[in-house]
Amino acid sequence: MTHAAAFLRRMVGSTRVAAGTVLLGVLALLAIFAELLAAPAPIARFGSDGTEILPAVTEAAELESLTEAELRVRFEVGVALWPPIRYGPEQRTDAGPNASPSLDHPLGTDFESRDLAARLIYGARTALGLSLSAVLVGMFLGVVLGGLAGTLRGAWNDGLVRLVETVDTFPAILVVAIVRAIEREPSALSLVLAVAFVRWAEIARLVRAEVLRASSEEYVMAARALGSTRLRVFYRHILPNALGPTIVSSVLGVASVVLLEAAISFLGMGAPTRVASWGETLGQAARHPSEIRLLVFPGLLLLATVGGSYLIADALRDAVDARTVRARMPR
Amino acid sequence: MLRHALRRLLWTLPTLVGVSLLTFFVLSFVPDPTDDPLLASSLSGAELARLRRERFLDLPRFINLEPRDVRLRALAAAQAIAAGGDGAAAAAEELRRLGGAALPHILPLDALAPEPRTRVALALAPVAARMGLPRAEEAADPAHAVAFWTRFWDDRGIEFRSASVRSAVRRLVRYGSASRASELLELDTFALQPVIAALQPPRDAATLDQARALVEVAAHIAEIDDRIAPGDDLAEARACVTRWKSFWNVYRSDFEVFSGPARLAATVLETRYGKWALGAVTHRLGVAATGEPVLDELARRAPVTLTLVFGAIALAYAVAVPLGALSAASRGRRSDSAIAAAVLVLAVLPTAVVAVAAALLAGGARSLLLPTCLIALSLIAAPTRQQRAALVAVLTQDFIRAARARGAGTARAITVHGLRNAVLPVVTLAVLEPPMALGGAFVVERVFELHGLGELTLLAVQARDVSWLMAISIGAAGIAALGVIATDLAYVLVDPRLGPAVLSRRSGA
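Chains A and B are the protein sequences, given in the same order. For the first sequence, position 206 matches number 205 in numbering that gives the first Met the number 0, and the numbering has no gaps at all. For the second sequence, position 154 matches number 153 in numbering that gives the first Met the number 0, and the numbering has no gaps at all.
Bear in mind the hints are in silico, worked out from the structure with no lab data behind them. One thing to keep in mind: the hints can contain errors.
Unchecked claim - Chain B regions said to be covered by chain A (calculated; three or more residues, Cβ under 8 angstroms):
{"#": "1", "stretch": "17–31"}
{"#": "2", "stretch": "453–463"}
{"#": "3", "stretch": "467–473"}
Source: prediction; values computed, not measured. Ideal placement from N, C-alpha and C gives every residue a C-beta, glycine not left out.
Generate coordinates for the entire structure from the input sequences, incorporating the hints supplied.
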């Protein structure tokens, strides 16, 4: 049995992985297919004047300027297939601020008259999109710089080690605050970069430790003796060993970035308040403590995201670490 | 070991400077109000240039290879006047501002052709009037201007020496008569540097009179009507002195010559970073968005946030270490999985949700205890798992079995023999906790309306308050660096076998 196959078998058999995958999978589906669940326009419309498919995506700019009544008139002709929630996440509805749950608004509206369910669904896109991209950028940076820190000698090594140490202990929330201060218009990209800037150090630390450990191992020395370049040794012989802890840390990173994003939006430093974000809804809940639903629903979604990542990371940690496996299966 | 700690402490200085450089670089992209096209179009070019200069936006960020001093400015202005054309009027205005400090560099006017010479001499006429020279009206007369300045330089050029100016300022400070003051007025801006240097915030009636006389001279020379009026009290006088000092901080390069070591210093100091660093050192880290000095705000707010952060970490560890030990002792049993699940739930709970819910139930915080506990909740998970993993590894070792064989109970085996050997990974983790706890502290401060660092940081982000953000990021880096050193020392204390390794590794790295 190859290493990968053994790893897969351990992963598939785990209930933790199953639970985590279901949680994260549902949220990912919510994020990917948000337009099919909540949009100000039908999924598809077949009228005498032609067929429109997902006008909410293709004509977003045009629809944004229309009021609720105008939207209804716009899509009246022909047969329209509407999503379950007929509102967009940034659309101010006629139901007014803080409307109670009703047939139109299953979870009611928030204090900006926007449909809460739609905002929560699109919030999954913000949370997962942001954390995945930040973690991937951070992982890439961390592997490259960690590899360098492990391979280089002399002043460069000292400098990199100190850099990793400093960044690793620097509060992420301050980095975000600084990045927010220099922007005229808050954007999601800068948030990703700011978070990635903090995330890479942890990965770099892990990779560097693995490089240092492995460079005295015989298989690395053998590869060197056979004439492999440093780059090839790192890529073919060291990196695969470092990948396990790196991935575990990255999956945990998704959880911590989701929490960080929620905290940032909660503090009003997140993506523009227009954009749907669970943290922004929580911020409203803090200002209006009487509305429990503003607290509970985004809280549950956060719980599901973070819990799912933790479960998967936990199982991954056991799966990549052969020692714990042996301890668990003595028979 | 003490030497090691001190050396490491010394090594944090370059790190802090590095952090401040990087933060400053990033923050130098903070959009300035003067970049706003709306404001820019409503102001004249000269007014905008003045505003930008007072914010040091005309300077390079870190290195100024060609710092412009009064000599370069005066020569450029004289050249522009000599060349005539559109720039001449602005150059004449500039020369009037530079005043007496420019004279040693452009007088005598021999190097110029007769006609440009007359133009430059005429441009200096307002300076002659300001200096109160006898027969100053001749300087405004095209027929006599050149001769006037040539004669002036022959007679008085000897007085334009920094030593003689300094003694003139000393005499004014000591005796403070009108004739001493007019001595300085005749040197015009050439006397500004020693005058400002001698200007100190007044403490009593005597020093108040000295400051008043010096400010009077400076106000006349610089043509800025900011004086200490006869009826002003000490506080107003001090504010006036501060204003003059900051004026000097902005405009010193108009009146000083950078030569030799001063030029070398100017390449660093005549930059935006240099101006910030100097202001930070001499002016309590600058002014925060609230109008108070940053240092005072830090002193008032840091205790709240630091109590939250370190209190939460201490609390979390107080719970996590026994919990981890318990979990390790009962590994494989139901209580182990129960603890693991409970800890997982704690880690997963978003601080914002818990804090809002707690505020709802408790109705606000009367003390810092509740907020601290809330932050601690999210910090319990990591050290618990770490403690369990480390202790499980230790408990399989022979010396534990030996202890058990000699009759030690499980509790004794763990507390006496196990914990000390398993605490290192947990200590390592402790350095990484403050950054996480700080995020929680910001959220909790917002929910419970505590006046901590987080509140002002959020305000600073909106107000684009560079001084505060600089101060707080340097502070965070400093605390982190101290944390790393403390961890090293804790290593050696907990496990003396690590002593040589830690000490040599750190000093070698």
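Going down the list of hints, with the structure as the test:
Coverage of the stretch 17–31 of chain B by chain A holds. Counting CB-CB distances below 8 angstroms, 8 residues qualify, and the rule asks for three or more. Counting residues of the stretch 453–463 of chain B whose CB lies closer than 8 angstroms to any CB of chain A gives 6, which reaches the minimum of 3, so the coverage claim holds. For the stretch 467–473 of chain B, the stated coverage by chain A is satisfied: 3 residues place a CB nearer than 8 angstroms to a CB of that chain, which reaches the threshold of 3.
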